[in-house]
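Asks: Starting from the structure of chain D, add chain Z with the ligands where the hints point.
Chains D and Z supply the protein sequences, listed in that same order.
Mapping the first sequence onto the numbering used here, position 163 (from 1) lands on 255, and the numbers just tick up by one.
Mapping the second sequence onto the numbering used here, position 125 (from 1) lands on 203, and the numbers just tick up by one.
No lab work stands behind these hints, which were simulated from the structure alone.
A portion of the hints provided could be inaccurate.
[To be verified] Taking lysine-lysine and the DSS-like style, the derived pairs with C-alpha atoms no more than 27 Å apart in a straight line are:
no.	chain 1	residue 1	chain 2	residue 2
1	Z	Lys-255	Z	Lys-341
2	D	Lys-108	Z	Lys-288
3	Z	Lys-379	Z	Lys-341
4	Z	Lys-341	D	Lys-108
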Amino acid sequence: MSQVEIPVFTAPRSLKPVVTHFCPGCQHGTVHRLVAEALDHFAVQERTIGVASVGCSVFLYEYFAIDVVESPHGRAPAVATGVKRALPDRVVFTYQGDGDLAAIGTSEIIHAANRGEALTVIFVNNTTYGMTGGQMAPTTLAGQQTSTSPYGRDPANDGSPIRMAELLAQLDGTRFSARVAVDSPRHVIQAGRVIREAFATQIQARGFAFVEVLATCPTNWGMNPVQANQRIAAELIPCFPLGTFKKIESQS
Amino acid sequence: MDQRLFVKGNEAVAMGALAAGCRYYFGYPITPQSDIPEFTARELPRLGGTFIQAESEIAAINMLLGASACGMRAMTSSSSPGISLKQEGLSYMAGSELPGLVVNICRSGPGLGGIDASQADYFQAVKGGGHGGYRLIVLAPHSVQEMYDLALLAFDLSDRYRIPAMLLGDSVIGQMKEALIPHPRAQVELPPKDWAVRGKQEGAPQRVVKSLYLGDGELEAHNWRLHERYALLEARETRWEGLHTDDAELLVTAFGITARIAKSAVRMAREAGFKVGLLRPVSLFPFPREAFRTVTLVTKKVLCCELNTGQMVEDVRLSVARDAEVYFYGRPPGAGSLPTPEEFAEQIARYCGGAA
Ligand SMILES: Cc1ncc(C[n+]2csc(CCOP(=O)(O)OP(=O)(O)O)c2C)c(N)n1
Ligand code: SF4
Ligand SMILES: [Mg+2]
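Isolated chain D (complex conformation) (with noise of 0.2 Å):
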C-alpha cells in the first residue's frame, strides 16, 4: 500500500510565499498570519482591499496577496473610509501600529469608529515606535524606557499608556472592540478566533470592529525574542487585560 501524505498545516493562501523583513521574534509576522487566514477562512481574499500604515507593516503588500494601498502615517482609517465608501461591498482592513493609531492617527481611528464605518482594524500594540528605532509611544509603560524615555516613561511628564481597545468599545458607532496576545499557544488561538470575529463583524455588514493585539518588539525592547515573549505576560498583559470589551450581534 502506498503511502499519501495529506498536509494538515499549509500557508494560508493569503499570504505570499516570501521571506518577511521582520526581526527575529517579531509578532509582525503572527498577526500577518492569523489576518491571512482569516480572510481564507472566509474565502474573501479575492474581495479585500487592505490599507497600509506607516511603521514596521508599511510592507502589507509585500506579505499579503491581496490588493493594497498605502495611506500616510495614522491616517490609515481616513484611507479605508474612502475606500469602503467607493467599494461597499469589500472587505477592508487597516493593519496599524501603536504610534500610528494611537499618537499621530488618533482623530481618524476615533471619527472612523464613531462614525461606524464597516472596517476591520488590525493594530499591532509593542509599546514603542518600532520602525524610527523605539521611541516612547503612546502606550509605552510606565517606568519603560525607550531612545526618547531614557529615565523611564514618567506619567507626569508624558501621561500613562493609552488603553484603545476600551476607549474605542465607548463609541456607538463601534460593533466589536477586543484585545488579545500571540504569546502562547492558547492566545494564538483565540487571537485567531477573535481576528476572524472582527472579520465577521464586516462581512455581516455589523459595522466597525477593532482587534488591538499586544505584541513583541525585541529589538527595540533590547531583549531576545524568549525575554520579549515573556515581557508580554509578565508587564503588557497587567496593564493592558485581554479581553473582549464590546460585541453586538446585530446588525447596524
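Replies: For chain Z with the ligands alone, coordinates are given in the frame of chain D:
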C-alpha cells in the same frame, strides 16, 4: 434653449464636479467655501453619491485618496488654512499618481488671516505645497461660469495625467453670483484606470497604490517619470486668455479675481487710447510660458497684478523674452484691499508710453 442659472461661484464649482461624474465629496467646514459642502451634502445623496463631513481637512484629503485609489472621481474643498493641512495627503496622492479634485477658495493669511479674497497661496499651489518635489495641475477660474467649466476640465486632466488637480479660487469668485450655463461633460477618451484597487481577482496581478519605492534606483526612476509627465502637461495643456495682444505696448497679466478687475482696467485704458493688452493665465501649472515668450517678442513691457506682494510675477519673469521688462503691482490681502479697476488703470497709464 440652454438653461441659464444665477448661482454663486461655489455652487457652480460643485455643479461642475457633479456634471463631471464626481460622486464623492469629503470636506470640513471653513469660510468662504462652505457653500460647496452644503451643496454636495444636499445633492450627492440624491444621486446615490457619498458626502462625508470629515473630522478634519487631513481626514478629508485621505478619504479622497482612498476613493480615488478605487478609481472613483472624488473631490474635496477648503480654504487656505485647511489647504495647508491637506499638503501631506496631496504629496502622497502625487507620489501615488492618484487623480482627484481639490478646490481652494483662498482667504487671507498667514495664520488664521481673514475671509477676504487672497492670492497669497499661489506659491503653495503651483510649486508643490507639500514635500517631495511634485506638482499639481492648477487652474484659476475668473468667473462663475469658469468655476463650472474648469471643474469639468480639472477632472479630465487629472484622470488623463494621474496628477491631482487644484482649482485656485478666492472668496470673491466663490461668493459672487453670476449667470451660469451648465452643460454636460465633454465625451473625451481617457485611459482606463487599470491601476485602481478593486479586490484582487483570481489569477489577476495584485494592484498596489503606493508612493514608497525603496529598491535601488526605483525612487529616482519614479521621480523622473513624474517629471516627464509634468513636462508633457507643459507641452500640451497650458491654457490662457489673450486680449488685444496684437498691438499692445504694455501687457497686463493677472489671474482669477485680479484678472477680472484687470479686464475692466484694460477696457478703460483702451477707451482712453492706451495700447494695452491682457494675458490671463488660466492654467497656473502648467504655466503658459510659451504664450508669454511669444507676446513679449513684440510687447516689451509687462505689468503683473496680484492680490499679494508678488508671486506669479516670478513665473512671468522666467517666461518673458530676455529684453522684456516686468513690473509688479499688488497688495497683500486683507479687509478692504481689493483693488479697483481705476487703480489698475492708473498703473497702466504710468507704464504705458504714448498716452492718448
Ligand atoms: C508624518 C510622519 N511623521 C513621522 C513619521 C516617522 N515614522 C515612521 S513609522 C513611525 C512610528 C511607527 O510606530 P508604530 O506605529 O508603533 O509601528 P511599529 O513600527 O512599532 O510597528 C514614525 C513616527 C512619518 N513617516 N510620517
Ligand atoms: S523593529 Fe520591532 S516591530 Fe519592527 S520588525 Fe523589528 S521587532 Fe518587529
Ligand atoms: Mg509600535
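Asks: Would you mind marking each hint as holding or not holding in the structure?
Replies: Here is how each hint holds up against the structure:
Under the criterion of a C-alpha separation no larger than 27 Å, the hint pairing Lys-255/Z with Lys-341/Z is consistent with the structure, at around 18 Å. Distance restraint check for Lys-108/D and Lys-288/Z: the Cα-Cα separation of roughly 18 Å lies within the 27 Å cut-off, and the hinted pair is therefore satisfied. Between Lys-379/Z and Lys-341/Z the CA atoms are separated by roughly 17 Å; this keeps the pair inside 27 Å, and the hint holds. Between Lys-341/Z and Lys-108/D, the direct Cα distance comes to roughly 62 Å. Violation of the 27 Å bound is thereby established for this hinted pair.
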